[in-house]
Amino acid sequence: MGQTFSEKALGRKAGKRVRAGDVITVAPDYYLSHDNSSAIIGEFRKLGLKKVVAPEKIVIVLDHIVPAADEKYAQNHKTIREFVAEQGIPNFFDIDAGVCHQVFSEASFALPGSVIMGSDSHTTTYGAFGAFSAGIGRTEMASLWATDEIWLRVPETLRIEFSGRLSPGVYAKDVILKIIGDNGADRANYEAVEFVGPAARDFSLASRMVLANMAAEMGAKNGYFEADDKTLEWLRARAKADYEIVMSDPDATYEAVLKYDISTIEPQIACPHAVDNVKPVTAVDGKPFHQALIGTCTNGRFEDLAIAAKILKGKKIHPRVRALILPASREVYLEALKKGLIEIFVEARCVIVNPGCGPCLGAHEGILAPGEVVVSTSNRNFKGRMGGRDSEIYLASPATVAASALEGKITDPRKYL
Amino acid sequence: MSKGKVWKYGDDVNTDVIYAGKYTYQQMRPEEMASHALEDLDPEFAKDVRPGDVIVAGKNFGCGSSREQAAACLRAAGVQAVVAKSFARIYFRNAINLGLPVLQSEEASKNLKSGDDVEIDFGGGKIISGEKVFKFPPLPDSVIGILEAGGLLEWTKKKLERAK
Ligand code: SF4
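Protein chains in written order, with our numbering: chain A, 1 to 417; chain B, 1 to 164.
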């Protein structure tokens, strides 16, 4: 019987043939943490060890509250910098780099067939590059630093086959929102989600990252796209280590197969306060709001900013709306700057914030007051996530958010094409 | 095998009702954490729970945030195990790593009621309540090792000592 990608990738690490449901112990290729590294350092110290086992496998990106918003966060960052120096951790990215999942991908730690653990729930993102990557807790990250080993249950796999072509004004974000809305926020709990089919290959890497990132919002352990020419092209200039492409066998066993003809999908929006509360944008068309956010690890890449800039070019955002642009990384920011996007945004009256998580987790840079509404390209709309407990978060594509920002109310982007 | 009583809850018990967000950034002793366990779901729980009691719930237990205290507070309250139809992924891991057994059994989830007497045979993969016996897939050895050590940090400490 054939094996799924996840069975193969984890089996290679475990040094034996494994099946869904097996619990194995592996040494991952890399482990990622961010501002929460200071809490992990605290747990690590409890183990009474002087040195981490494999400093070269640790990747730390400061991104959650950068630059530090207050003294407490500043102390967190300081603790981390000191630990990095003390332990000789080579892969440290300070407050200038961007949001961890983008930085990790740009630096090419996300290689096909590799196994990556991150103490962040959206670690699923690296499935876009054909890697096995999953989120873990802080205690286990501390233990990983101490032992270079972690237990994992080999997941069952949900396969999602795409056919057709996206209609104009519809993007990867609309596709994943549609899937989550149709199937529920726990549909893929503890499972791997494979995105396959001809239309999966049509997605750019940036779009694949949107889908793999939000697989976490279906409860998935990891997301996955087959590495193909686009992946190899991305890696050609960046990969610093060897890798081997791992793919599911044709006769692998799946928990279920879902089929989506993406040409039938229209722009989607997740309404408060659950990511699976998804409707077509037309169902909430005209809803006024206060803040627009374009960016984050979900939709802050160049292609996202370019879509928004195309809609905003030569126009002004609605006077009642504040629009924040949050490039996912310094690399993205620089490209947007060189290609004139930043000028378009500033002329349209947008505020550019430092690459990182920005207001996505409600800690700084654009918190909502009670009763305010944000339309955002991020991935979570839980109650109170971006500010007051009775503020509201709508999640949509960069095109929808840009079009809405112009009108001051939720707007179908197709009228701006 | 220790005995206890069942506390029965429904589907999608989220980490917010198990351990409220407002406490997550406060340092608390285990007894204090236990006193807030399930506060927003069942205010009686923290008052009346006894060591060895078992929580039985429906699907997707522990969904929501990845806060580890949502597992730690139940363990501190003396809960012997949580039995559910299914667990949210990160909760499952956190529970094991903090020494709280999490057992999957659709039958037990369906049939057990609040107040039932219950015993758990971890090695044999059985939940026993009077005449009724429900099976659960036994936990793998590596996971049992972590539970027996009292959680991942303790387990890691032992492992490091052995390596010395
Ligand atoms: S941008 Fe938001 S979702 Fe992404 S890592 Fe940061 S806080 Fe998490």
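Calculated from the structure, these hints are not laboratory results.
Errors might be hidden in some of the hints.
As the list claims (entries may be wrong) - Restricting the straight-line Cα-Cα distance to at most 30 Å, the calculated cross-link-like pairs of lysine-lysine (DSS-like) are:
no. : chain 1 : residue 1 : chain 2 : residue 2
1   : A       : 16        : B       : 157
2   : A       : 8         : B       : 113
3   : B       : 157       : A       : 51
4   : A       : 383       : B       : 85
5   : A       : 46        : B       : 159
6   : A       : 50        : B       : 126
7   : A       : 339       : A       : 313
8   : B       : 126       : A       : 78
9   : B       : 164       : B       : 5
10  : B       : 5         : A       : 279
11  : B       : 113       : A       : 50
12  : A       : 383       : B       : 59
13  : A       : 383       : A       : 339
14  : B       : 110       : A       : 8
15  : A       : 13        : B       : 5
16  : A       : 259       : B       : 59
17  : B       : 5         : B       : 85
18  : A       : 310       : A       : 230
19  : A       : 409       : A       : 316
20  : A       : 240       : A       : 16
21  : B       : 113       : A       : 16
22  : B       : 85        : A       : 8
23  : A       : 178       : B       : 126
24  : B       : 157       : B       : 132
25  : B       : 5         : B       : 159
Now the hints, each set against the structure:
Taking the CA atoms of residue 16 of chain A and residue 157 of chain B, the gap is about 27 Å. The hint holds against a cut of 30 Å. Annotation: proposed proximity of residue 8 of chain A to residue 113 of chain B is violated, straight-line Cα distance about 41 Å (limit 30 Å). For the proposed pair residue 157 of chain B and residue 51 of chain A, the alpha carbon gap of about 14 Å is at most 30 Å, so the pair holds. For the proposed pair residue 383 of chain A and residue 85 of chain B, the alpha carbon gap of about 26 Å is at most 30 Å, so the pair holds.
Taken as a hint, the residue 46 of chain A and residue 159 of chain B pair is honoured in the structure, with Cα atoms around 14 Å apart against an allowance of 30 Å. Taking the CA atoms of residue 50 of chain A and residue 126 of chain B, the gap is about 42 Å. The hint is violated against a cut of 30 Å. With a C-alpha separation of about 13 Å, the suggested pairing of residue 339 of chain A with residue 313 of chain A holds against the 30 Å cut-off. A C-alpha spacing of about 50 Å is found between residue 126 of chain B and residue 78 of chain A, which places the hinted pair above 30 Å, so the restraint is violated.
Taking the CA atoms of residue 164 of chain B and residue 5 of chain B, the gap is near 42 Å; set against the 30 Å cutoff, the hint is violated. Restraint check for residue 5 of chain B and residue 279 of chain A: the C-alpha separation of about 43 Å exceeds 30 Å, so the hint is violated. Taking the CA atoms of residue 113 of chain B and residue 50 of chain A, the gap is near 49 Å; set against the 30 Å cutoff, the hint is violated. The suggested pairing of residue 383 of chain A with residue 59 of chain B holds, with an alpha-carbon distance near 22 Å, which does not exceed 30 Å.
Distance check on the hinted pair: residue 383 of chain A and residue 339 of chain A sit about 37 Å apart at the alpha-carbon level, beyond 30 Å; violated. Between residue 110 of chain B and residue 8 of chain A, the direct Cα distance comes to roughly 35 Å. Violation of the 30 Å bound is thereby established for this hinted pair. Between residue 13 of chain A and residue 5 of chain B, the direct Cα distance comes to roughly 42 Å. Violation of the 30 Å bound is thereby established for this hinted pair. Restraint check for residue 259 of chain A and residue 59 of chain B: the C-alpha separation of about 25 Å stays at or below 30 Å, so the hint holds.
About 18 Å separates the Cα atoms of residue 5 of chain B and residue 85 of chain B, which keeps this hinted pair within 30 Å; it holds. Taking the CA atoms of residue 310 of chain A and residue 230 of chain A, the gap is near 24 Å; set against the 30 Å cutoff, the hint holds. The hinted pair formed by residue 409 of chain A and residue 316 of chain A meets the criterion: a straight-line CA distance of about 14 Å does not exceed 30 Å. For the suggested pair residue 240 of chain A and residue 16 of chain A, the alpha carbons sit about 27 Å apart, so the restraint of at most 30 Å is met.
The suggested pairing of residue 113 of chain B with residue 16 of chain A is violated, with an alpha-carbon distance near 42 Å, which exceeds 30 Å. For the suggested pair residue 85 of chain B and residue 8 of chain A, the alpha carbons sit about 28 Å apart, so the restraint of at most 30 Å is met. The hinted pair formed by residue 178 of chain A and residue 126 of chain B fails the criterion: a straight-line CA distance of about 40 Å is larger than 30 Å. Between residue 157 of chain B and residue 132 of chain B, the direct Cα distance comes to roughly 39 Å. Violation of the 30 Å bound is thereby established for this hinted pair.
Our distance criterion of 30 Å between C-alpha atoms is broken by residue 5 of chain B and residue 159 of chain B, whose separation comes to about 34 Å.
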